[in-house]
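Enquirer: Can you make the complete structure from the sequences, with help from the hints?
Protein chains: 2
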Amino acid sequence: MRPEPPPHADTVAEVGEFGLIRRVTAGRTQPPTTLLGPGDDAAVVAVSDGRVVVSTDVLVDGVHFRLDWSSPEQVGRKAAAVNLSDVCAMGAKPTALLIGIACPADTPTALVEGITSGLWQEAAVAGAGVVGGDMTSSATLVISVTALGDMGGLEPVTRSGARVGDLVAVCGRLGWAAAGLAVLGRGFRSPVAVVGAQRNPEPPYPAGPQAAAAGATSMIDVSDGLLADLGHVADESGVGVDIRTELLQVHPRLLDVASALGADARHWVLTGGEDHALAATFPDQGSIPDGWQVIGSVRPGGGVTVDGRGYEKPPGWEHWR
Amino acid sequence: MRPEPPPHADTVAEVGEFGLIRRVTAGRTQPPTTLLGPGDDAAVVAVSDGRVVVSTDVLVDGVHFRLDWSSPEQVGRKAAAVNLSDVCAMGAKPTALLIGIACPADTPTALVEGITSGLWQEAAVAGAGVVGGDMTSSATLVISVTALGDMGGLEPVTRSGARVGDLVAVCGRLGWAAAGLAVLGRGFRSPVAVVGAQRNPEPPYPAGPQAAAAGATSMIDVSDGLLADLGHVADESGVGVDIRTELLQVHPRLLDVASALGADARHWVLTGGEDHALAATFPDQGSIPDGWQVIGSVRPGGGVTVDGRGYEKPPGWEHWR
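Protein chains in written order, with UniProt numbering: chain C, 1 to 321; chain E, 1 to 321.
Accuracy of the hints is not assured; some may be wrong.
What the hints assert, rightly or not - Simulated restraints, written as ranges between beta carbons of each label pair:
no., chain 1, residue 1, chain 2, residue 2, range
1, C, 125, E, 246, 55 to 63 Å
2, E, 246, C, 153, 27 to 35 Å
3, C, 71, E, 253, 47 to 55 Å
4, C, 125, E, 29, 34 to 42 Å
5, E, 155, C, 71, 38 to 46 Å
6, E, 213, C, 18, 25 to 33 Å
7, C, 124, E, 28, 31 to 39 Å
8, E, 310, C, 127, 19 to 27 Å
9, C, 284, E, 235, 25 to 33 Å
10, E, 26, C, 153, 28 to 36 Å
As the list claims (entries may be wrong) - These stretches of chain C come out as covered by chain E in the derived footprint (C-beta under 8 Å, 3 or more residues):
no., region
11, 40 to 53
12, 60 to 66
13, 135 to 143
Claimed, not checked - From chain E, some residues computed to sit far from chain C (all C-beta separations above 10 Å):
no., residue
14, 25
15, 30
16, 51
17, 56
18, 68
19, 86
20, 99
21, 102
22, 149
23, 156
24, 192
25, 204
26, 242
27, 256
28, 258
29, 307
Just so you know, the hints here were simulated from the structure itself, not pulled from any lab data. Ideal Cβ placement from N, Cα and C applies to all residues, glycine included.
Expert: If you want it as structure tokens, here you go:
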């Protein structure tokens, strides 16, 4: 048995890999789908219907999060949320997260404990467990997250099933994280609701399986921006998408912030990423579930238009560009 | 539709995230278990028996691999191997890999294509597909890999099932990667077989499901070193393990290299990590599958001994230490 690290140890090098894994897993409870949790070569997760949904994301300090803008718990919650949301966007219910953390030897233990605590918290919100992971050393703090999900017998809702005549609907916040980023970028810390949206996305997890059960023909997680992500649906489905601005709800709070900063709130709604709303297409008005707002329709052709015209500002975010 | 990058583009920033994802997924074939491969919010993988086995690892440039010692393909193969091996160590057959790559904007496209090519190659060796991933920017090159596996109706073989009187057996190479590291560390590039073992682990993938079917009571992937990893089995099972040196096969090639370097080949076999052999316990001699060598037995007490005595050199590798 390795000795426990001293209680005053405050860097990951002092506590060590195995001590740290013990600290971040001790006392945690798992959902019934976790058949075998952390501590072995691999975890074992229950699957109800012969198929598992799985997605992975990598988040990098200074690129996807800033520890001077967000607490470690907020970083962990966000890292979990972006990936859990991908699983929900297939129509699946999240069951499990695996987390990898690479960080410098002098990283405070409290930072890693905060990040993992946030990951556990967000997993619990979505109904998932944290079933495994890896911790290692790196010059840059990098968090990798893998999420598993269960379709519960439904068919996965891909990006390629949108058909001409379908209605386009969204569920969840749009533009809030972009507004928060704009506020933080100007050096402000309020309004809290907007800044908080940048730090803590609140993906509408249950809306994914809800849309799948309601017959959604395509679905995507809005991570790069509404126009960019609907562009993926349009490309993969071989159709065009038209958004109607009169249907697009811009929250009064965003209008206030945009006015204060001299910015365009509708641009945040159309292009802001990181809120992790869901966008989906449905065959008709009767199939739209509660909580979803129709914002447009699927038309012949290709690409995404706004009120029938091309949108001229840059449509989203792409890495290394 | 985004334009294709020009064919002469040679950094990830020039090709862009989406162009690079297209390049590394184009023309690849998937096994039948890949129900939905790369390109959507998440992948969908078939599971035969209501349970999925899953493990994740993070590999960091300069920590887990060195691009001056290994080709990008070798780095990719190794990144896949370490994780596929974890899945096999539960007794599962690997079905899928997900890969995350974070790298600087000026990283040559060929480097990322080489790494992903190696990941695809090793996945194919184990019978798995590459079903998804993420690419993003980072100051440090970091590769995260998640592997899924299928138990095929067998029970997972954990670290906690070893019983007093069981035999301890291993399958696969031991000490070769440590010998290769010693050779490279002295600035040599040969013998090729030994150096190659450090660059390209060859985990005995089919031996995992084979051991599970044969009734193995516990199993572990030898990644940190035989003594360290059997120590995990001893701790988790509440037993002791004794290794008999007269049963321990030290390959003549390792004896030659050790002699040339003034090193101890048996020390490499007992403590060298990264070969990804499998170590397991079996109830009796009749249950040991072909290809496995008995090296000792499970005794009362705790910890790992060699010929009944404690082993005095450091037992393995722990990160940040």
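Enquirer: Run the structure past the numbered hints and jot down the numbers of the failing ones, going up.
Expert: 2, 8, 9, 16, 17, 19, 20, 21, 22, 23
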